[in-house]
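Engineer: Going down the list, the sequences are from chains H and Y.
Take the first sequence: its letter number 143 is residue 146 in the working numbering, and every next letter is one higher.
Take the second sequence: its letter number 23 is residue 26 in the working numbering, and every next letter is one higher.
Honestly, the hints are just simulated from the structure, not real lab data.
Fair warning: there could be bad hints in the mix.
Any copy will do: because identical chains look the same in the list, a pair fits if it lies in one copy or spans two.
To be verified - Pairs of lysine to aspartate or glutamate, EDC-like flavour, derived with a Cα cap of 16 Å: (1) K57 to E8; (2) K57 to E10; (3) K57 to D37; (4) K161 to E50; (5) K57 to E140; (6) K161 to E122; (7) K57 to D69; (8) K161 to D69; (9) K161 to E134; (10) K57 to E134; (11) K161 to D80; (12) K161 to D184; (13) K161 to E140; (14) K57 to D80; (15) K161 to D37; (16) K161 to E131.
Residue strings, one per chain:
2 protein chains.
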Amino acid sequence: MGGHEIEQLIRLLGRLPGFGPRSARRIALFLLRDPQARLVPLARALERAGEAIKTCSTCGNLDTVDPCHICTDPLRDPGVVCVVETVGDLWALERAGVHRGVYQVLGGTLSPLAGIGPEDLNVGPLLERLEQGSVREVILALGATVEGATTMHWLMDKLAFYEGVTVSRVAQGMPVGGALDVLDDGTLAAALGARRPA
Amino acid sequence: MGGHEIEQLIRLLGRLPGFGPRSARRIALFLLRDPQARLVPLARALERAGEAIKTCSTCGNLDTVDPCHICTDPLRDPGVVCVVETVGDLWALERAGVHRGVYQVLGGTLSPLAGIGPEDLNVGPLLERLEQGSVREVILALGATVEGATTMHWLMDKLAFYEGVTVSRVAQGMPVGGALDVLDDGTLAAALGARRPA
């Protein structure tokens, strides 16, 4: 299948999440069929993104500046910190445009099985901000999983230490636009349990 | 969602076949979370493959040498040429290891609707080889589509001109390991029509 350089490209593409040997070959062929229009711009974009990428030392976001453009945005409220597991979660909330405060990206969840303990989570900058007294509310937007729940309770214990700080968590319930009969039992129970006056 | 370099990377990833904005973001995040281990090697592999890639002037294969390593392999029979539509088809046959001759990659099929005519297909090198008298057999391994059939008949007309050359086509029938009841009617008809003594 072509020379060493082509095989190496297919091997690396095959390591991307969701890729197998088949999709790696398809993408490699797509790129190699028109290198100038397809492969070269992608290689250049990767190189530039790799050179520019920085992890925000305040919130853990990935950006090309540190602190990131969210942390330095004067229109955002630094008094409301939304805690998320991953940068992907942060991006999802930003796309939705529903949070006007700032973030703290933990970089994972507590998971004894995977060997992830409290020291592996990026929570220090949040505690620093709390100690400075600049935070009014912490919103916990962690995944509705066992690990997410474990992490949330551990964080709530830590946050109870800071007086005058409201700790809230995102609601569980029916997804908007979702039909009732395709929801799992856990979601149905949560949606029913959190019912509000109509 | 991060700086301009990150957005540009997501935009280019989103143009890959089978990608949407969601998968482009997922792959970008995967690469950017660990640039040294993930992004940099991929960027380098792309760059190297882009520099090394050549189209074989004999058969149309993509390789890092021209003529490609198949055309120059002394163990292969240059007297048997297998005609395929794409380099992907050639790679599939090579993985299967079922063809010990050489190839001719057309680069597509005749398709008046898509504006692809005979002059767009890479058939010249095949005719040259036929004129040199070095070819005993041409195997047509084109897709079982309307365009594939059209292209095959057009090629058979062209090849009829060369005496002493056997022109064959790959058999249609049941895929090996396939169950009868999931096959489409066309495949069933072809498999039945091409039945052989048991």
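Engineer: All hints are to be evaluated individually against the structure, with a verdict given for each.
Structural biologist: Status of each hint after checking the structure:
no., hint, verdict
1, K57 to E8, "between (29 Å within a copy, 11 Å between copies)"
2, K57 to E10, "between (31 Å within a copy, 14 Å between copies)"
3, K57 to D37, "between (32 Å within a copy, 11 Å between copies)"
4, K161 to E50, "neither (40 Å within a copy, 48 Å between copies)"
5, K57 to E140, "neither (27 Å within a copy, 59 Å between copies)"
6, K161 to E122, "within (13 Å within a copy, 72 Å between copies)"
7, K57 to D69, "within (6 Å within a copy, 42 Å between copies)"
8, K161 to D69, "neither (26 Å within a copy, 65 Å between copies)"
9, K161 to E134, "within (12 Å within a copy, 82 Å between copies)"
10, K57 to E134, "neither (25 Å within a copy, 61 Å between copies)"
11, K161 to D80, "neither (22 Å within a copy, 73 Å between copies)"
12, K161 to D184, "neither (38 Å within a copy, 61 Å between copies)"
13, K161 to E140, "within (14 Å within a copy, 77 Å between copies)"
14, K57 to D80, "neither (22 Å within a copy, 55 Å between copies)"
15, K161 to D37, "neither (55 Å within a copy, 29 Å between copies)"
16, K161 to E131, "within (12 Å within a copy, 78 Å between copies)"
Hints 4, 5, 8, 10, 11, 12, 14, 15, counting from the list given before, are not met by this structure.
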